[in-house]
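Given chain D, work out where chain W should sit, using these hints.
What follows is each chain in one-letter form.
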Amino acid sequence: MITFWVAVLALTTLLYVILDGFDLGVGILFGFTRNEELRRKMLSAISPVWDGNETWLIFTGTILFGAFPRVYATLLSAFYLPITLMLGALILRGVAFEFRYKATSTRWLWDLGFFGGSLIASFVQGVAVGELVEGLPMQDGQYVGGTFGWLSPFACLCGIGLCFGYALLGAGWLTAKCEGILRARAHALLRPLTIGVFSFLAVAFVYALVLDLRIMNRWIERPYLLIFPAFGAVAAVFLVRGISDQNDGQPFRMTALIFLSAFGTLASSFWPFMIPFAVTIDQAAAPPSSLYFMFWGAGLFVLPLTLTYTGAVYRVFRGKIVEAPEEY
Amino acid sequence: MVALGTTFSAFWIMVNNSWMRAPVGYQLQNGIFVPTDWYAIIFSPVVWVRFPHMLIAAYLTGAFCVAATGAWYRLRNTYAVESAVMLRMGLYLAAIVVPLQLFFGHLNGDFVHEKQLAKFAAIEGRWHDEQPAAEVVIAIPDPVSESNRFELKIPYLGSLIATMTLNSKEVGLTSFPREERPPVLIPFFTFRIMVGCGLLMLAIAWLGSFLLFTGRTYGQRLLLWATFLSFPLPFIATLTGWFTAEVGRQPWTVYGLVKTADAVTPHLTVAATLTSLIFFGIIYLLIFSFGTLFIYRMLKAGPSAGAAPSATNAKRPLALPGASPEAETVAAGGGR
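These protein sequence lines map, in sequence, to chains D and W.
First residue of the first sequence: 0, per numbering that gives the first Met the number 0; consecutive thereafter.
First residue of the second sequence: 0, per numbering that gives the first Met the number 0; consecutive thereafter.
Simulated from the structure, these hints should not be mistaken for laboratory data.
Just to be clear, a hint being listed does not mean it is correct.
To spell it out: a stretch of chain D is covered by chain W in this simulated footprint if at least three of its residues, at any positions, have a beta carbon under 8 Å from a beta carbon of chain W; those stretches are [said to hold, decoys possible]: (1) 75-82; (2) 99-109; (3) 134-146; (4) 282-292.
Since the model is a prediction, treat every value here as computed from it, not as a measurement.
All C-beta atoms, glycine included, are put in the ideal place defined by N, C-alpha and C.
Here chain D stands alone, though its shape is the one from the complex (with noise of 0.2 Å):
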């Protein structure tokens, strides 16, 4: 049973990262052009998708309450503020969609709310990820970091590499989605984007060699890992002549399968610890009759449900997004 919450903890995670990740990176973008009609346009690209996208992250602090209380507890403990700050982007960012298009003379406000929470909720991600990789300051399975403990300069070069990260997703979805202007704008940003990307990649790479931290030495450990970065090199490879040929599709599918590898990478590099080499994911599980009975509920019900929802909106909202008159 435990087998099963971890991986469906790891389909969930994986999935909002990824879904939830392009469409942060459009507010990102959205920041960078003051063109109304791009901006319309833009947001049509993501509002029948975005809030379905959110649900993951739900999906996993859910599953994260019910079947693992313990890192529950240390990671919401750990990363008070950034959550906090976070919780409070996504609610600005949320609110826009609607609230831009009933104000009046505010929508600068909302406007701004939308890319600053997207920006801010993609930077705090990636702090809390690269806290993970840096490690905790735990003691006895207990978080002793105090208020500021999640703060490093590593954490922080890791929230705006995820903030490139997410961008990159973000121009790939649009580059899919979108024709004309839109999608030329946004196709020029993804060479850039990605050399951005992946300089952070390198950059990080050698910090951690710097600081020498202990999840290093998993390399060392479990060759076999190295599969995973070797994966998500040859998709960069993909994604590099996606570019170059102009291909519509195959930058948003690389970079979600570079995000994949990069997913992988980490699981199996803290595996068997959920908060590196303080809690293990057997110590954090919830005690068998929790699990079973999450298992009749969330795990037979609302995940499938929730999956076969998520294929449905994609489905109906495939393709290009249809040219929507002025004021509609």
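This is chain W only, laid out in the frame that chain D set:
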């Protein structure tokens, strides 16, 4: 789907919250609560009193928002057809549901009387054991002198409300050690505000339905104004109800087992908590005040505006142009 989802969400929130008030179906293993009997947890009588109470509160909120908007249109002499439907639906629903709500409220009181004696005493403003017990209608409780000032009391009523007899002995706050008493002032007043809102809603719903049903027009305008101005009542009642429940159960997080002070994250500082509180306060103030403004504009524009081109994005299925804002209010109430 939206209705089902929010109802499920409300249900599980209430299961969780009710368990914290009246823990059942668990075992303590090495200081961790391990659920052993899910049947007992889900079908705990407490859940089935508190869940309907919350659900009805959400429906009432919807009913009053619809009725208030209808009354507003009627007062402005616009949308005669729509406003008639809105008034009828809102007020008839409320006329049936408010008494039901008061009944569930009473059952809720029974559960508090049975499981959370200290909270019950705080709500009643009862400092000393009494037999037969009187009911404090209104007063200013003073925790320092452990007595009430400016007290208005009705003898025997306290026993009657608590046990349906005239002679039961009811426990006072001084029977509990000071560190196990909840703060008195907040539950005492929030409870009275909640009940007051409930009674006002009952009066409006019944009078309004009576006028609608008999077709009388005497005092109609006054009642329309009252209905129009009544839309905050269910919100206030829901919020004060939660204040009563949550403050009244202090100092416990899991009633009788874990104190709030022991449940708090060890390294959490007051500054960090205060920061997050102020931060959320600002965000909610911002989005709720603008949200209210936008809903007001939509309502003012009226139902026909929904058919006209609106700026809402048609590719966003969850926000149909002109979709009724009342439905959103119900959803917000249900998820709380």
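Output the numbers, in ascending order, of every earlier hint that fails for this structure. Violated: none.
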